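Visitor: Protein sequence lines, in the order shown, are assigned to chains A and B.
In terms of the numbering used here, the first sequence is residues 1 to 324.
In terms of the numbering used here, the second sequence is residues 1 to 427.
Hints were generated in silico from the structure; no laboratory data involved.
Since the structure is predicted, the reported quantities are computational estimates derived from the model, not experimental observations.
Quick reminder that beta carbons are idealized off the backbone N, C-alpha and C, glycines included.
Where hints are given, some of them may not hold.
[Claimed, not checked] Facing chain A, from chain B, some residues (calculated, C-beta under 7 Å):
1) Tyr165
2) Trp241
3) Trp315
4) Ala316
5) Ala319
[Said to hold, decoys possible] Label-pair restraints from in silico Cβ distances:
6) Gly84(A) x Ala362(B): 39 to 49 Å
7) Gly196(A) x Met404(B): 25 to 35 Å
8) Glu226(A) x Val205(B): 23 to 33 Å
9) Arg126(B) x Glu226(A): 42 to 52 Å
10) Arg122(A) x Met404(B): 19 to 29 Å
11) Asp229(A) x Ala362(B): 49 to 59 Å
12) Ala383(B) x Glu226(A): 54 to 64 Å
13) Ala156(B) x Asp229(A): 19 to 29 Å
14) Ala231(A) x Leu426(B): 45 to 55 Å
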Amino acid sequence: MKHHLLSSADLARDDAVLVLDTAAELLSLADRPIKKLPTLRGRTIVNLFFEDSTRTRISFEAAAKRLSADVINFSAKGSSVSKGESLKDTALTLEAMGADAVVIRHGSSGAPHRLANSGWVRSSVVNAGDGTHEHPTQALLDAFTMRKHLGDLDAKRVTIVGDVLHSRVARSNALLLSTLGAEVTLVAPPTLLPVGVETWPVQTSYDLDTSLDKCDAVMMLRVQAERMDAAFFPSAREYSRRYGLDDRRFKRLPEHAIVMHPGPMNRGMEISADVADSARSVIVEQVSNGVAVRMAVLYLLLSGADLSRTDPTASDSTKPEVVS
Amino acid sequence: MTAYLITGVSICGADQPSDLLLYDGRVADPAEAPSDAVPVDGTGLVALPGLVDLHTHLREPGREDAETVESGSRAAAMGGFTAVHAMANTDPVADTAGVVEQVWHLGQIAGYCDVRPVGAITVGLRGERLAELGAMADSDAHVRVFSDDGICVSDAVMMRRALEYVKAFDGVVAQHAQEPRLTEGAQMNESAMSGVLGMRGWPAVAEEAVIARDCLLAGHVGSRLHVCHVSTEGSVELIRWAKSKGWDVTAEVTPHHLMLTDDLVATYDPIYKVNPPLRTKADVEALRAGLADGTIDCVATDHAPHPTEDKECEWAAAAMGMLGLETALSVVQQTMVDTGLLDWAAVADRMAVRPARIGRVADQGHPLEVGAPANLVLYDPAASRVVEASTLQSLSRNTPYRGMQLPGSVTATFLRGRATVLDGQLQ
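Pulled out of the complex, with its shape left as it was, chain A reads as follows (with noise of 0.2 Å):
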């Protein structure tokens, strides 16, 4: 695994089987009493968010925590950030507090791209999510939690639907599904479909019934109502009508298949409350799971070389310690 985790684009399925299956062993660990494990004791992981993500940044903050790693939270409110400092000076300051892993989320594209590689710091960068670009830990947990359900992702067929043209978490995914050997169909109304998005390792189509059929996972993004007042559609009751998952269409799915959504949800918009919430929606599933997945990438990232051999819950490092 490279030094960062910026795109999915940087995973090839060696490495993300890696991350997969390391997140496996570590959500054993969610059902012990004692949650937390040695292995990244002494080190520091920034949590640099210039975004509000609660879930996000509380999902990464858990995962480092229960690595034993210290934890700094940097959030743009109420920081310098907000009094105009630079991206640069910031990257400078946590630089000179020794932080071994930088967690950004940032409302620009490319940002964590350009935190890794201007030489500003030397830790590991991980993207939480820049701009409209990517979002990875996304794509990784919930290809981790397709795998739970579905078994080996080769030949699966994914339904991803939305607003793909905003979606860090549509890009994310269909590199990474790509790699993992998955069908993926974008489906969204013209509009909200990247331009070049031929070029992409997808399929895609603008009527959602005909894409359910065959379908073993459907992922439905969220869509702000806000983009129809710059005439992305004409009204989310229109969008909700071609575009929403709902009871009709929940039933043409296959017995087997799930629903996902990377939250948050609007409920009635591109999903409606009784396919969020039924038997088959694993929505929730993917929040828990995203602890796992995020332990894992630091965990690979920050804990040295012959990562394959290395098996963060073995040896001396299962036996739970109390780290304060």
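Assemble the complex: chain A is given as a structure, and chain B must be docked to it using the hints.
Guide: Only chain B this time, still in chain A's reference frame:
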């Protein structure tokens, strides 16, 4: 005044080397060289008329941290330019006779090249009402080129009126063609690359739609339109079509659009952030072909200095623009001459003769014949250099060519017979 006798130089790439005497501010007969004429060995060098840039941002007044008239004109001299057109988007905007005269005077004081101010078309570049174009034309600055560059004159009526009004003093309206609604928040060329990188795209149609409309307007009112920094294949086709109609439409292309493509944006390094954006390889090839066949009249640098902090940041926060004056001729050599698309005589046409004609710059862009004003550049096409941002004369460092090996070097530049650059050194 020092006379210079340049020996054995290839004038505009001529096979037969010849001698050039610069005497009393003019090109003179070498047989009449005074005994104290300074000899300049022109062996292996190409002599071109001093280059004329139709599109330069000198940033003064207002952003003297990025560039001044003096630093920018030093950069121009080092690039072989003897005249530059200073764009109007300064602070205050060059929309009155007072501001354009200030810029013109600063250029005179610096003395490295002729600084020809461009006047804003509309007050404050706001697109709402015409600036006093006549006052700027009649001022000491003798403005003939008018542009809201940086911002498109998107209102069709305003554009029509500007085109009509400048006919009274033989002016030209230089349009920054960018349909504003199609490019709201745009960060890079709209392409497969923008989709992958998750960046708001800047479609070619946003440029082409405005060019098409403006060509029709120029034809309708019988005025002169100049299209700034053409960047797409479709734009070249539209301009070719407008010229075939006999309309007085001219166009420029920047050195960077002749060389660089949008795949560089994948680095997320804002050094490549520019307006109009870097486009695709097909666009680059169409631009080269358009410059070669004369559809595109000239190369203009769109030299756009920005201080380091405006580029050393995340992409979306960064300023748009790149340096161009000190690398323009080398980039043109690499993309147009070394590829066989243009010979040196045609380079002289595209970088001196035609831009001088479009800007109505009387004593620039003349063939290097006896009696012509002694504005010229001596260029060594066999040289090669690695571009080093810190050695540039510009106050800013935002060159996309840093670290790149480029062919050629400017050996000397003469402005009305006076050396502004000699032996590769600024004088």
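Visitor: Going through the earlier hints one by one, which of them does the structure break, listed in rising order?
Guide: Failing hints, ascending: 1, 2, 5, 9.
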